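Undergrad: The chain contents come next:
There are 4 protein chains.
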Amino acid sequence: MTRLATDAAGVFVIAVTPFHPDGRIDLESCDRMVDFYLDAGATGLTVLGIMGEAPKLTVEESRDVVARILARVDGRVPVVVGVSAPGFAQIATLTAMVMDLGAAGVMVAPPGSLRTDDQIVTYYAQVAELIGDVPFVLQDFPLVTGVQMAPKVIARIVNDLPTCVCLKHEDWPGLEKISALRADGMLNRRISILCGNGGLFLPEEMMRGADGAMTGFAYPEMMVSVIRNCAAGDSDRAQDIFDAYLPLARFEQQPGMGLAIRKYTLARRGVIAHDALRRPGGSLSQKGREEVDRLIARQERRLTELG
Amino acid sequence: MTRLATDAAGVFVIAVTPFHPDGRIDLESCDRMVDFYLDAGATGLTVLGIMGEAPKLTVEESRDVVARILARVDGRVPVVVGVSAPGFAQIATLTAMVMDLGAAGVMVAPPGSLRTDDQIVTYYAQVAELIGDVPFVLQDFPLVTGVQMAPKVIARIVNDLPTCVCLKHEDWPGLEKISALRADGMLNRRISILCGNGGLFLPEEMMRGADGAMTGFAYPEMMVSVIRNCAAGDSDRAQDIFDAYLPLARFEQQPGMGLAIRKYTLARRGVIAHDALRRPGGSLSQKGREEVDRLIARQERRLTELG
Amino acid sequence: MTRLATDAAGVFVIAVTPFHPDGRIDLESCDRMVDFYLDAGATGLTVLGIMGEAPKLTVEESRDVVARILARVDGRVPVVVGVSAPGFAQIATLTAMVMDLGAAGVMVAPPGSLRTDDQIVTYYAQVAELIGDVPFVLQDFPLVTGVQMAPKVIARIVNDLPTCVCLKHEDWPGLEKISALRADGMLNRRISILCGNGGLFLPEEMMRGADGAMTGFAYPEMMVSVIRNCAAGDSDRAQDIFDAYLPLARFEQQPGMGLAIRKYTLARRGVIAHDALRRPGGSLSQKGREEVDRLIARQERRLTELG
Amino acid sequence: MTRLATDAAGVFVIAVTPFHPDGRIDLESCDRMVDFYLDAGATGLTVLGIMGEAPKLTVEESRDVVARILARVDGRVPVVVGVSAPGFAQIATLTAMVMDLGAAGVMVAPPGSLRTDDQIVTYYAQVAELIGDVPFVLQDFPLVTGVQMAPKVIARIVNDLPTCVCLKHEDWPGLEKISALRADGMLNRRISILCGNGGLFLPEEMMRGADGAMTGFAYPEMMVSVIRNCAAGDSDRAQDIFDAYLPLARFEQQPGMGLAIRKYTLARRGVIAHDALRRPGGSLSQKGREEVDRLIARQERRLTELG
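Residue numbers (the working numbering), protein chains in the order written: chain A, 1 to 307; chain B, 1 to 307; chain C, 1 to 307; chain D, 1 to 307.
Treat the hints with caution; some may be incorrect.
Since the list gives no way to pick one copy over another, a pair counts as held whenever it fits inside one copy or between any two copies.
Unchecked claim - Quick list of in silico lysine to aspartate or glutamate cross-link-like pairs, EDC-like style, CA-CA up to 16 Å:
1. Lys152 with Glu176
2. Lys287 with Glu60
3. Lys152 with Asp64
4. Lys152 with Asp118
5. Lys152 with Asp184
6. Lys287 with Glu176
7. Lys177 with Glu129
FYI, nobody ran anything at the bench for these hints, they're computed from the structure. Predicted, not measured: the structure shown is a model, and the values here were computed from it.
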């Protein structure tokens, strides 16, 4: 099985968890979703992210979802699984389970209790020891975790732990952080930097030295295209495409409603059967759906103009 | 002096505080800034907002800034002054001072210690009693204050306190909140709803029933135009204009860097003399300035295309 | 199997989770611990509390611990199991599992995202619907959960949900809350109020109308004796006993070190084999152990004097 | 005027702010309070602490209180003034004002936005530069500020900034922190460590190497006596006295009610004229007063027994 490595690039889409309206997991939609993401140009997938509905799953359900997605992916792209948990025993158990199933690596966010530089570095050293040779993604998302990692703390983790192969970058203000980590002498090897925030800063992030995105906008083709055009040196074309999708991307990034909007959009596109969120979780009002419909209609017109 | 009333509408720009590079307040730039905002179509101004640099000012400096701005405005539009403070004595003193200087009303955010519905309602009842007949803006900004007010809590405050004339709306997800507050029977009178979030959701907010914006994007003419076109029933034109400015508006809303970006843009436009933030406060890197320059250049092209 | 009911009273000791020095669960110590607690006069036990090491256990380990403890208790006293979790699926699964094993009820703390009165009431209504006829303890612990429930919110939950049979009271300042809940007309039936905070306010809590304690001080006999003397009307004797243990109880309530101190004390008393905390978790320094030893020696002298 | 220095020791009582029942400051009570604290053996005073009612004062009121207290102290002991504020301008203004009035130094808590080690170190470097040669107390109180400073961060601040002469220690678990800071080689000079937490851990703190207390228990004579007995090597006598006061000290440390209890006790002792807290602020119920009365009666009996 391919392991995640420091050359990870492109778009790792963070997959949603499809549910039936009664709250059961919709495994058929998992299949369609995998095909859709890969057809859109995803170079990897990430499942069980902390911002989605993974915390609402039982351990058995988590295993079922991961197994189904891995089976459908069938080695075509690497799959990263989020294993953040309050205790090491849970992290170890979940990591062993998903690596057995064929995951390419795991993603670990810091627990909210960490504060000082040394506490953060020690935590990741313990995690790395715990999971052995499994490659891991360091998730830096202060807005949600409350843990702020200075660039030099990230550098200590990367430089000390060879299994840290990728940074999921989701800090604010984050562009300077990318520049700091890409500066000469900061890291003892180049690792992958994949950015989050729903892709809202993707053009600038790529120009600062990111390798791609790891996030979940319902139009992953936008991120694929932005990254390809940036790679080809055509940052204006990249930004034109980005701008065309931005009104919807902005709308999907609303705290508290984002996931409902994303699922509604994915259902509207035929990717998943239902836009249901598992309880507790809000749903989109009729007005909210009309707002999304309107933005999509405008987006399609704009894309046609762009050619 | 005109007092703020429930018919407040349009764009109340939240003014920045201009500084010299050495940290002194730049009162000359205050004058230019006032003229610029009013020329751009602002229907009101708000000064000493909690998100800007007001907390860095001494009481004397606050008075100087408010006095200078009020003198320059000279009654052309109402000016709201933020008076949020840990204690009632400070709120009372600051309110008396700014009303004497000619402010049209004050804005009060809830202290972060409030949690239960009754605590919030009681707090505003005490504030209203304290400041007497001064009209006030209820600031609802949970992301920063940590205080979540259900629509029915806002309704209790509005229905109980006649001096509560305006809601500064900055919740997430906020669109449903506007709809809830505009629903029949929710409030015993129609109050003004002005929205924040840097204008990032302005078209949708207007269509949900907001009366305008109270926020600080460096191109207030965008907000003015969106609101006018919405009022004229041309929501597509409103959105076209919004979309043209959105790449920059998004960039300016980055947590942690937003104010530096806004000041850089205002200085670039000749509105304020320096883009300096008072310490402690970050500044924009050279790369960050180039990113803003690039977005502005693209924005100008797009606006030319729009006509 | 006996179900937890509104007449729960006395001391429900919150059990620690014993580990071997290498991090494995020490099931033999579970047996000794159960015997010790019951011999000390516990009228119930609570396992998998949110403040201890439950979050460090895998689901399988949680089941093993609960099963072992329930087997040893063998119906002598009711056992409450903490089932707080981010998602309803986990709560439902864990509740079904522990009730099958013979638990008397479950305890549910509010997720930290709840803020408004209605959000809290709705959450518990959904939980109660989810777990059917299983009796539950409402855990009110704002210092840790960040969720503040006004007495009237607790009243709405109790009055609406017949399966809410007990309040685990751990608010600060909490004494007025007990009085408010015991006031005529507040609740439509008398429920059990058991208090936390390591027993640090137990005499006052009992005099305000609490029915006992649900917390984890390493000398549960103190709490048993305080409650018995209060029940017998001898509040001075209750307080004398309380005062004798207070220097140690205070020491054990130090945030961040409390559990290490409790485990050290329980190991010293021969209750559990090791004072090990599972990683990540601090251990007591040599100086810290000497401080505990000194306090215990003084406590024993004082108890001898008391007779 | 005497400046605060690294040899500060004994009890720096944190003074309450006395109010009239109508909310006006009670300056006459300030005089009585100063005399009372000094008669009780205080070696210093601290005013305008962040945990009390200082944030409820206007700048003018703060000056009046500080001036009155300094006049009454009249150089007999050093007086430290809290000057924590969101901005440097306020810190500078307040520092200049209180040093002019005769303060011995200032105390600065970190703003809650600081997270990484370097952010904390940089903040204090900027503060030290700002206030010039004024000696300052570094306030370490994570429970309230949310800022956690590792011992090595404190060491960097102390070692870099000669005007940092004292640590107000109020971390949890804090005993190990004292030991760490007193270990050989940690600091490049010995600074004063004065402990908070209402004196609840004072005997252990002294045995770990603290120099005294800076906190506000309504019986400062307890702290004076504990410290003197510790200094004299009689830790058992120190602990006996501590234990006699502990039931009340514990009661006074209840979050949310502590200040009301302290003021009630001080008024009962004749130190201040009224137990009024300025709004917004809770008051003690009749039951609460009876609880304090009962604890004081028991305390007096116990002290008589002790001799």
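Undergrad: Indicate, hint by hint, whether the structure satisfies it.
TA: Okay, the hints, checked on the actual structure:
1. Lys152 with Glu176: within (13 Å within a copy, 27 Å between copies)
2. Lys287 with Glu60: Neither, since 36 Å and 45 Å both go past 16 Å.
3. Lys152 with Asp64: Neither, since 38 Å and 41 Å both go past 16 Å.
4. Lys152 with Asp118: both (11 Å within a copy, 10 Å between copies)
5. Lys152 with Asp184: For Lys152 and Asp184, the Cα distance is within 16 Å only inside one copy (13 Å; across copies 27 Å).
6. Lys287 with Glu176: between (38 Å within a copy, 9 Å between copies)
7. Lys177 with Glu129: Answer is neither; intra-copy 27 Å and inter-copy 27 Å both fail.
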